[in-house]
Amino acid sequence: MSNLILLFAVFLGSFVIGYLLIARIPPLLHTPLMSMTNAISAITLLGALLLFATPSSAMEKILGAAAIVTATFNVVGGFAITDRMLRLFKGKGQDS
Amino acid sequence: MSFGIDFSVIAVLFCGFWLFREPPKARFGNMAAACGLLLAVVLVLTRHDISGPGVVVLAALIGAVPGIALARAVSMIQIPAMIAFQHGAGGIAAFLVSFVELTRPAAASMLPVNEVSGVLGLAVGSLTFSGSMIASAKLAGRMQQAPRVLSRHTLLVVACSLAMLVVGVLSFFLSGGAAMSLYALEILLGACLGFLLASRIGGADMPVLISSLNATAGFAAALCGMVIENRLLIAFGATVAASGSILTYVMCRAMNRDIIRIIFPVYQGDREGDRIVSAARPASPDSRKAAVTAGQSDGSPPFDRALAAISSARSVIIVPGYGMALARAQFRLAELAALLEQRGTEVRYAIHPVAGRMPGHMNVLLAEADVRYEDLLEMEDANPLFAETDVALVVGACDVVNPAAMATEGTPISGMPILLAADARRIVVCNYDRQPGYSGVANLLYDNPRTIMVPGDAGATIGSLLDAIRNQTTQ
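Taken in order, these protein sequences are the chains called S and Y. Read the first sequence against this note's numbering and you will find it ends at 1308, with the numbers running on by one and no gaps. Read the second sequence against this note's numbering and you will find it ends at 478, with the numbers running on by one and no gaps.
Calculated directly from the structure, the hints in this document are not laboratory data. Since the structure is predicted, the reported quantities are computational estimates derived from the model, not experimental observations. Everything hinted at is true.
Below are the EDC-like pairs computed for lysine to aspartate or glutamate, each with C-alpha atoms no more than 16 Å apart in a straight line:
1. K1304/S x D373/Y
2. K28/Y x E377/Y
3. K1304/S x E349/Y
4. K1304/S x E344/Y
5. K28/Y x D1295/S
Examples of chain Y residues lying across from chain S (beta carbon under 10 Å, computed):
6. I13
7. L16
8. F102
9. V243
Ideal placement from N, C-alpha and C gives every residue a C-beta, glycine not left out.
Pulled out of the complex, with its shape left as it was, chain Y reads as follows (with noise of 0.2 Å):
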């Protein structure tokens, strides 16, 4: 009878990842899932006698409250650290119930697996918890998002997981005090693996870390409701497990990397790095120049001969990316494609699955500024548009775009599918700077002569681009 009822909470919560496939149904998904977790609590609340629901309710309070208050407030800018802090919270709750199970009594008489998976409880959520508190911490701008790299960085990471394991064996011989110790121990070292995966990971690479972290939450739930012989909590951690792995699977491909790449970095010196950017730059100094100038050839600063391509195009594809949220330009952004559409301008939206630092970071950004989902393409099926586009309009992205993906060997990036906005007839880029992306890679596409380069923040470049038309519109 139970697992009737414990299979059908299940099916409640499959029913919103079905749901979620689409954007106007994913609003019910997620509804069904929470309903699914409601069901679940509700199951457990009905089953067992819960001693001091005061402390238990006030607790829930405590939470709920500053939840809620928290995802009203926050702005969609700030949603990819926020949903790591709340990770981190997530991962403090699967190791506290996996030590209290583990400490208290009636584990005398836990079977060796219940054990097992209590001990890696510890491990996987306290290394979620610190991992994800650093990705927030970055993500947030409260701390450097590049890389941080310790000395002997590598051999530390090796020496913890190495005394994670001993401590965890260990801790199957002893009990009472000396195994609560251990357990602590066990805890503080998951905290400090955590911390030292999470700080070298930076930059464009955060994707990856925040989809490796949504599955070590999953697996820490998992293996919390193996130690309490729990089915509802497994199967949910377990689809959470799921989809991490499945996201971070997808942000690796995205980057033509795997993720032992990119956990373990390997740095083969700065001369090394050197020479790979620039095999990527053109040869001399020389040619760059020449290339430079058969792209100004009509001698005019750079933002009229952009205006000019934009103004006259019949088809523009946008290529937004990181830089583009951090110079808030959707909003504007927006507004320069919803005015151009209305001059009779085709125009849409080519999105990376890597842009921005998580998966599908650029979709929501543009969603608030109320672009159109339909308009919004995924690479696969943008990349044979470029072709017969006459503007591709870069704003922000730099390595998602840069042919050296495709045309140099032996650079960070090489092999990476990239959007195909060289095929465009006109390229016109609004970076900040001809600075390399995250990548050090040199980025090919500036000096393409039919890219019109025009350097400064995009969210001012994108604003006069969007005034000079609209006053061409009014006339």
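Isolated chain S, as found in the complex (with noise of 0.2 Å):
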């Protein structure tokens, strides 16, 4: 029961400090943040990768990789086309 206690408030803290810190971040910004935080939202990874830590079925493995495999195309899009999106921003003294 503690743990679960423990849980909801990893959650609830981890809202609140997030909303904290992202609500200052400019206008500007929020394309490529939410790009970035697409590519967050793909650590369901963790809970693919976890499904093959205990013993599984044949079927429980396929669905498994098949999540692995969309968690892994959105992770990794999502944090190279962040990345993509942020070189074009240049400021004064960045002028090509």
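If you follow the hints, you should be able to join the two separate chains into one complex; please do so.
Encoded structure:
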């Protein structure tokens, strides 16, 4: 039970700290922000990996592998595209 | 011990968000977040024995290679569709993990809280998946962008949600194969709900849809974490949920609408809509004609007057909209701005929060055209400047500069904060035609006597302006 309370606390704490930090990000960067958080949401990759940590049936392995495929697609593509976008933002000192 | 390590990894992620406040540091922020995620994966791999590492690596490669390839190949114009597509992929992963966890034999000893989280994870994950795919298809132009309303749409949404509730509750009392089919049904229903919700949202409301899918993707991940009691998953998912919620709120506020109204639009029949739209128009066609002729008092074609206004302006504020993206006019626009700056004109850009199809869309498009980010002004900073500006150059923007938002009650955009382009000494509008924007409300700015309307493809218009001013400069 105490473990569950801790997990809720982790959720709430992360939500609040995340909220406070993200609220300070200027609208200028909202598209890259969304793209980056999109990549972060593929953290479900951890869950997919953990499916392979315990003995599992063939069906479970297939679904787990499918989850790994989609999650890595999301995470790798998401961070790569965010980086591409952020490289475009140039300031006064960085004229090409 | 494992506590401390987990929290350090979460701290790395927060560091990423902290660095994201300014463009030069944001790249490092993105890298920090990527590191945080990588550390989390490494932690899981070291703490647990992974059976069949070959399968895992192969699956990861199958996902990663096209992920990278697509991320490198897409043009900036396709970014919104791409992000929505990736959201969809993340949604699949979320409901698959919840599904397997719920159906494996060990699930019999699962606590009720974890089970509830699992069922919610199925629902939110599948909803995120189908909603994102619809959003992506709409943004990529593979599907009509206008809202698609089925008959009794709201009833279908309510019925679908109720069915999901019933199936979810039933699944607690069943086990084995019966429970498994109920979970599968829950996924199916979730996908239907996502389709129903997303298909009804379109056009200028897309930023709200895509932001809320961002939030649901985060919630799906956090719920997934509750099922397997993994702190890292919960923390990462929660921050994404927070980010999506903030963006959704910002988008709604910038349109002066609440999220419920966007998800459940109220259609009061077409007649009502017509009345509202005509209320925003000038009283009669005659007065409109009068307003237009007042603007054309010297009888010369609009392009020449626009050229004269811009080439003699000392200060210009450019107001871009989705039309600029459609016409791919940002590159020639940036060239024009650079040329004007060379001639001593002060040029800045005013960015409305909901211009485009996703939050901050215009900033990315203009950054790609090498516009310096210092020149991209937010609405609050730009609005006081319009009154002292010679020319407001509107490129493919309509609703976000429509004074009807302030002047007329009862229209869909009434009360929406707008860019005060109408305050500038002259307003040059490079829009495709005089049609109203997505809201359907006629644009009062077009009837302003100080407005010079240059209809046609914005890319072509800006290109001609650029050539003409270049010729003036070299002569």
